[in-house]
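Engineer: Chain by chain, the residues run as shown.
Number of protein chains: 2
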Amino acid sequence: MDVVVIGLGLIGGSMAKDLRRAGFATGLVGVESDPEHAAEAVRLGIVDRVDSLEEALPGADLVLITTPVDVAVTLLPGVLDRVGAHTTVTDMGSVKRRLTEAVREHSRRRQYVPAHPMAGTENSGPSAALENLFRGKIAILCDQEESGPQHLALVEKMFHALGMHIAYMTSDEQDHSTAFVSHLPHAAAYALANAVQDKEDRNIIFDLASGGFNSTVRLAKSSCAMWHPIFVQNRDYMVESLNVYMKHLEQFRDAIRDGESRQLEALILNANRIRAILNGESPRFLKNEETFVTYFTK
Amino acid sequence: MDVVVIGLGLIGGSMAKDLRRAGFATGLVGVESDPEHAAEAVRLGIVDRVDSLEEALPGADLVLITTPVDVAVTLLPGVLDRVGAHTTVTDMGSVKRRLTEAVREHSRRRQYVPAHPMAGTENSGPSAALENLFRGKIAILCDQEESGPQHLALVEKMFHALGMHIAYMTSDEQDHSTAFVSHLPHAAAYALANAVQDKEDRNIIFDLASGGFNSTVRLAKSSCAMWHPIFVQNRDYMVESLNVYMKHLEQFRDAIRDGESRQLEALILNANRIRAILNGESPRFLKNEETFVTYFTK
Chain A
29 MDVVVIGLGL
39 IGGSMAKDLR
49 RAGFATGLVG
59 VESDPEHAAE
69 AVRLGIVDRV
79 DSLEEALPGA
89 DLVLITTPVD
99 VAVTLLPGVL
109 DRVGAHTTVT
119 DMGSVKRRLT
129 EAVREHSRRR
139 QYVPAHPMAG
149 TENSGPSAAL
159 ENLFRGKIAI
169 LCDQEESGPQ
179 HLALVEKMFH
189 ALGMHIAYMT
199 SDEQDHSTAF
209 VSHLPHAAAY
219 ALANAVQDKE
229 DRNIIFDLAS
239 GGFNSTVRLA
249 KSSCAMWHPI
259 FVQNRDYMVE
269 SLNVYMKHLE
279 QFRDAIRDGE
289 SRQLEALILN
299 ANRIRAILNG
309 ESPRFLKNEE
319 TFVTYFTK
Chain B
29 MDVVVIGLGL
39 IGGSMAKDLR
49 RAGFATGLVG
59 VESDPEHAAE
69 AVRLGIVDRV
79 DSLEEALPGA
89 DLVLITTPVD
99 VAVTLLPGVL
109 DRVGAHTTVT
119 DMGSVKRRLT
129 EAVREHSRRR
139 QYVPAHPMAG
149 TENSGPSAAL
159 ENLFRGKIAI
169 LCDQEESGPQ
179 HLALVEKMFH
189 ALGMHIAYMT
199 SDEQDHSTAF
209 VSHLPHAAAY
219 ALANAVQDKE
229 DRNIIFDLAS
239 GGFNSTVRLA
249 KSSCAMWHPI
259 FVQNRDYMVE
269 SLNVYMKHLE
279 QFRDAIRDGE
289 SRQLEALILN
299 ANRIRAILNG
309 ESPRFLKNEE
319 TFVTYFTK
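Protein chains in written order, with the numbering used here: chain A, 29 to 326; chain B, 29 to 326.
Just chain A, same shape as in the assembly (with noise of 0.2 Å):
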């Protein structure tokens, strides 16, 4: 199958590489913008070559978007308008109601399957692609319904080429769940180390931190390009996230400050509970089952 990557990076470059050595890709093309990220992609054999994106799109039988997503929501509905009818469009972006909602009126809406894989480093560039980034991890389907099911089975196809389990929800639901577990996670890591320069501007400081401070901080690396557009597209949902997390730092701060000791202890506590649960000691619905479906309600 002739697969066009739009979007050379860590993302684009892992899914090709996986792909190709699954058999799943035979021809892997590349669309990019940067001239040096395109040699690098070329050079390490991630793709064959590098095209336009007029030349690469008529051949395709798959186009994978793994651009950031605020080029994603420009590029997509182009690259709708200039597919070939049997072509299948998926993007892998981390925020999904403004791109999905781009193309909602779209002629070719249902050759667009929105998709997330749950999975990364925080590195960036062709160089950063790493084999088996994906395996056993959780790919996002947003909005099954709005694609066609022959498109949406191929999608599902490449995510289990990759090793990945599958989890399907609304763009909406999407994008609320990740505020939570990605993008706050990063938002908080990106304050902690503005804080602790802001506070200590002697070098020494980092000489001191152990691995505690290094894998707290360490999603403080994340490109710039990757994450502005992330946390300006699902904005509501940031804002949320970080109103709780903030809510649980000042309980936290306030235990410690009007020394409430039993209170302290029982936050220590409730956290600890996250040991189980990243553990898999909790039952978990995905034991053993590759697919399932998942509906939220609100």
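Source of the hints: derived by calculation from the structure; they are not laboratory data. Just so you know, not all the hints are guaranteed correct.
Because identical chains share one entry, a pair is satisfied inside a single copy or across any pair of copies.
Stated by the list, open to error - In silico DSSO-like pairs for lysine-lysine, Cα to Cα no more than 27 Å straight-line: (1) K165 to K185; (2) K227 to K165; (3) K227 to K275; (4) K185 to K227.
Since the structure of chain A is already known, use the hints to place chain B on it.
Structural biologist: Relative to chain A, chain B alone:
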């Protein structure tokens, strides 16, 4: 050299392992109030045997106190009372002002070296003990002028045997710095774990959580027995660091809420500066030096 380790957890266990392997400790005796931990530590060969405090102390050349900091405050005066005149006593706790104040006027104060190795994991107990936990990291020695030079030299030699670099500062500077680089990240992780559980009561959310969420919330698994007393004893600097952190989160939220695109970009780019600092690309005091003297000015 005969070493007594009071508190056979992650830190005491890891130190015992490495000090034995380095040939620094030829005899290792444990003191431990939890019988399961005591049995496990002997079974794992971390210590040769476990004795009561009264039995263990007289024969010791070096006593390591590696208990939670509330236990250390109650233990240290009695330990200084009971040891021989030649014994060095050191502790590894993360908060120093309360503890050093408790023994400020002790007749044996010069036999005590307050220390804090900047290393750890989110796990607890002797089974969590790791080899090489400390290698390449920094140990803080506090109020050095209050310790006898021979006792200071022995503790410095011990840290070098663990492969650590050493930083010198006052107890107050120690508490202030670690409030930002260690205690705040733990509080941030606890609050994040509570915020996400608060909002998402369906376990599915944690299936969605990828590596980014996991690394940011990892510290939320840390034990209450260790961290509750740290927050209590470092109360004033914890409140300060949490206030500074919340100020930066508010800035971040306001930039998103008010559509301040340039400001949001500036905040992310400033946070990105952590990449160079953590990757060691900025000039650091510790290049090629095992020991250095640092005087912090307020």
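Engineer: Does each hint fit the structure? Answer for all of them.
Structural biologist: Results for each hint:
1. Taking identical chains as interchangeable, the C-alpha atoms of K165 and K185 lie at most 27 Å apart only when both belong to the same chain, with a minimum of 15 Å there against 46 Å between chains.
2. In this homomeric assembly, K227 and K165 come within 27 Å of each other (Cα to Cα) only across copies, at 22 Å, whereas the closest approach inside a single copy is 37 Å.
3. Proximity of K227 and K275 under a CA criterion of 27 Å is satisfied in both settings, with 22 Å inside one chain copy and 12 Å between copies.
4. For the identical chains of this complex, K185 and K227 are neighbours neither inside a copy (50 Å) nor across copies (32 Å), given an alpha-carbon limit of 27 Å.
Comparing the model with each earlier hint shows a violation of hint 4 alone; every other hint is respected.
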